[in-house]
Amino acid sequence: MPKILRVNTRTKEYSFEEVGPYANLGGRALTSRVINKEVPADCHPLSAENKLVIATGLLGGSTAANSGRISVGTKSPLTGGIKESNSGGLFAHKMPKMDLLAIILEDKPAEAAPFSTLFITDGKVEFKDATDIVGMDTYPGHDKLLAEYGDKLCACMIGPAGETVRKTATIQFTDPYKRPARSAGRGGTGAVMGSKKIKAIVLDPEFSNKVGAVDADTFKTARKTWVDILQGHPVTSQGLPGFGTSVLVNVINEAGALPGKNFRQGQVEHVAEISGEKIAETIEARGGKTTEGCHAGCVIQCSQQYNDADGNYVSSGFEYETVWAFGANAMIKDIDDIAALDRLCDEKGMDTIEMGNTVAIAMDGGIIPWGDGKAAFELLSKVGTDDPMGMIMGNGVVFAGGAFGVERLPVVKNQSMPAYDPRAVKGVGVTYATTAMGADHTAGYGVTANILKVGGDIDGHKKEGNVELSKNLQVATAAIDSMGFCLFVAFAVLDADNGVQTMADLVQAWTGNSFSVDDLVNLGVNCMKDEQEFNKRAGFTKMDDKLPRFFETDALPPHGVVWDYDEDELQGAKV
Amino acid sequence: MKIELKLFATLVQFLPENSDEYPIDQGETVQSLLGKLGIPEEDVTLYFINAARAYLESEIKDGDRVGLFPPVGGG
Numbered sequence: 002m003p004k005i006l007r008v009n010t011r012t013k014e015y016s017f018e019e020v021g022p023y024a025n026l027g028g029r030a031l032t033s034r035v036i037n038k039e040v041p042a043d044c045h046p047l048s049a050e051n052k053l054v055i056a057t058g059l060l061g062g063s064t065a066a067n068s069g070r071i072s073v074g075t076k077s078p079l080t081g082g083i084k085e086s087n088s089g090g091l092f093a094h095k096m097p098k099m100d101l102l103a104i105i106l107e108d109k110p111a112e113a114a115p116f117s118t119l120f121i122t123d124g125k126v127e128f129k130d131a132t133d134i135v136g137m138d139t140y141p142g143h144d145k146l147l148a149e150y151g152d153k154l155c156a157c158m159i160g161p162a163g164e165t166v167r168k169t170a171t172i173q174f175t176d177p178y179k180r181p182a183r184s185a186g187r188g189g190t191g192a193v194m195g196s197k198k199i200k201a202i203v204l205d206p207e208f209s210n211k212v213g214a215v216d217a218d219t220f221k222t223a224r225k226t227w228v229d230i231l232q233g234h235p236v237t238s239q240g241l242p243g244f245g246t247s248v249l250v251n252v253i254n255e256a257g258a259l260p261g262k263n264f265r266q267g268q269v270e271h272v273a274e275i276s277g278e279k280i281a282e283t284i285e286a287r288g289g290k291t292t293e294g295c296h297a298g299c300v301i302q303c304s305q306q307y308n309d310a311d312g313n314y315v316s317s318g319f320e321y322e323t324v325w326a327f328g329a330n331a332m333i334k335d336i337d338d339i340a341a342l343d344r345l346c347d348e349k350g351m352d353t354i355e356m357g358n359t360v361a362i363a364m365d366g367g368i369i370p371w372g373d374g375k376a377a378f379e380l381l382s383k384v385g386t387d388d389p390m391g392m393i394m395g396n397g398v399v400f401a402g403g404a405f406g407v408e409r410l411p412v413v414k415n416q417s418m419p420a421y422d423p424r425a426v427k428g429v430g431v432t433y434a435t436t437a438m439g440a441d442h443t444a445g446y447g448v449t450a451n452i453l454k455v456g457g458d459i460d461g462h463k464k465e466g467n468v469e470l471s472k473n474l475q476v477a478t479a480a481i482d483s484m485g486f487c488l489f490v491a492f493a494v495l496d497a498d499n500g501v502q503t504m505a506d507l508v509q510a511w512t513g514n515s516f517s518v519d520d521l522v523n524l525g526v527n528c529m530k531d532e533q534e535f536n537k538r539a540g541f542t543k544m545d546d547k548l549p550r551f552f553e554t555d556a557l558p559p560h561g562v563v564w565d566y567d568e569d570e571l572q573g574a575k576v
Numbered sequence: 002m003k004i005e006l007k008l009f010a011t012l013v014q015f016l017p018e019n020s021d022e023y024p025i026d027q028g029e030t031v032q033s034l035l036g037k038l039g040i041p042e043e044d045v046t047l048y049f050i051n052a053a054r055a056y057l058e059s060e061i062k063d064g065d066r067v068g069l070f071p072p073v074g075g076g
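Which chain is which? The protein sequence lines are A and B, in order. For what it's worth, the working numbering labels the leading residue of the first sequence as 2, then goes sequentially. For what it's worth, the working numbering labels the leading residue of the second sequence as 2, then goes sequentially.
To be clear, the hints were calculated from the coordinates, so they are not data collected in a lab. Where is the CB? At the ideal position from N, CA and C, for every residue including glycine. Hints are supplied without guarantee of correctness; some may be wrong.
As the list claims (entries may be wrong) - Heads up, incomplete: computed chain A residues facing chain B, CB under 7 angstroms, no partners named:
(1) 236
(2) 248
(3) 255
(4) 257
(5) 454
(6) 559
Said to hold, decoys possible - Listed next, the in silico DMTMM-like pairs over lysine to aspartate or glutamate satisfying Cα-Cα at most 25 angstroms (straight line):
(7) A:279 / B:22
(8) B:7 / A:282
(9) A:279 / B:21
(10) A:279 / B:44
(11) B:62 / A:270
(12) A:334 / B:21
(13) A:145 / A:127
(14) A:279 / B:18
(15) A:129 / A:205
(16) A:454 / B:29
(17) B:3 / A:270
(18) A:454 / B:65
(19) B:7 / A:460
Using the sequences plus the hints, can you model the full thing?
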């Protein structure tokens, strides 16, 4: 049975423990249960009392398609509430092969303590001196780890943003192409890792047990059904591999819901220059890759490799959210500037959504001109240094907004909004308001029914049906995040009669534990309960489940829609 | 009667030369427009008329902006 590894970052003691009370949990359900039970909800997120939990899902290590996502849980330095941040990469499928379900970093060393790289192997953890990679951007730092540990490196690491405990700091994970290009992006998990003076975690490439399903025959059958479901839906089999997530730039713009110029407008004139079609065309012309997966066993392959004009690799995991935040919200028109910013964010280890939005705040505050991609790059290059401007920018929208005197802050629980205006997409707007995560689109992606005609068709301009839509999606997402599945399986599952049953069948056959559709739903519900409980103890009330007032007073062009929910109606989305 | 026609993603291949001023008939619907353009109905999932959600039977009028997409998703 996989163990939970606890590491005390002050004493350097560690123990591999039986799961005990955390049995039958994985991924986000596990991280949220641990944080809720073990972290004082009113502690400072950078203090010794906070913990960082990295957990593989219930299907981690398996050959089920798209089951290799990792969850990182903590009390967020950005929101002050509970956080689960989800990532691709190699970690999730590697951990069970080392008999690991979760890694928990506890306590913290003295302020002046040096950074360490944790090397985890069979029954042992070594704290290795990280001096040779401290202060480095993640790509060169990762190259050093590759040189030291070899080509089968499976690591996660923080960049300069995490080392300087910025609220927007990510944890970057090794991807299948040996780059630190996958991110546990939102909420500052990298700052928590940095506060505990851990620069990187390396899983021993030489230690790998075979793992298999408890009920191998049933698993094999369910696995085939599962692949058929994913390959049978046009979104997961053609739409996402064809153009990646940036195909949404034109969709959401056409729908009048693409937030432009710090959430002032629902369309931007230069949309064609930053569209998924433009990106695909540019990638093809320059010899990049228009489709690739972020973890082993992915059949959706929505990611890509973007090259510069000389045909050299610039970035991957170049996603709709990033393109929107810099290209539409901050009005940067040059797609090469945006790609360079995506790479910079991975190098410094900072959240592209929060950074794009913080750049828009800097523009709104007169620090740099609207749409100036080069100035934005220069500004963000300071994050991770002791330049006060870098320290401000690295702390996100609310902190920078306060510094620059900007009142228009599109945030919930201090986390800034993603690429859909809530006034025009109320199904995701309810999620922004009510999820424990802060303004988060993945937590309950109402865009499906509001715009994409997946899993229903509900008007996103009106209130009717959107609280229920958001709540149901939030429960489903919490369950998906706990099984290790990539959230994009939802596009196929929402339209397939046997989708949810097949996911339950896979978990039951893999683990050997009884696991029904009801158990799957309860996995999601109980995960949300843990999160809601923690936030309540942390001092959050229904007044924190609201959008900023300007969404109620400012009508969004072109549709002239406003946010018109009151805080009591919104509570209908909680479990 | 003319419309501004926008075709996206895999539908780009069907874009006519005169898409900025595409001629339509009285009583034109999304469905009849697809027929004119030679686009199989099953290739199109999302229809927008002047940024509003539309359907196969939605009527198209003079001066409208029509946007069409295949099945797509993202995050």
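Against the structure, the hints:
{"no.": "1", "hint": "236", "result": "4 angstroms, holds"}
{"no.": "2", "hint": "248", "result": "5 angstroms, holds"}
{"no.": "3", "hint": "255", "result": "4 angstroms, holds"}
{"no.": "4", "hint": "257", "result": "4 angstroms, holds"}
{"no.": "5", "hint": "454", "result": "6 angstroms, holds"}
{"no.": "6", "hint": "559", "result": "5 angstroms, holds"}
{"no.": "7", "hint": "A:279 / B:22", "result": "23 angstroms, holds"}
{"no.": "8", "hint": "B:7 / A:282", "result": "17 angstroms, holds"}
{"no.": "9", "hint": "A:279 / B:21", "result": "19 angstroms, holds"}
{"no.": "10", "hint": "A:279 / B:44", "result": "21 angstroms, holds"}
{"no.": "11", "hint": "B:62 / A:270", "result": "23 angstroms, holds"}
{"no.": "12", "hint": "A:334 / B:21", "result": "22 angstroms, holds"}
{"no.": "13", "hint": "A:145 / A:127", "result": "18 angstroms, holds"}
{"no.": "14", "hint": "A:279 / B:18", "result": "19 angstroms, holds"}
{"no.": "15", "hint": "A:129 / A:205", "result": "13 angstroms, holds"}
{"no.": "16", "hint": "A:454 / B:29", "result": "23 angstroms, holds"}
{"no.": "17", "hint": "B:3 / A:270", "result": "21 angstroms, holds"}
{"no.": "18", "hint": "A:454 / B:65", "result": "22 angstroms, holds"}
{"no.": "19", "hint": "B:7 / A:460", "result": "22 angstroms, holds"}
Of the numbered hints given earlier, the model fails none.
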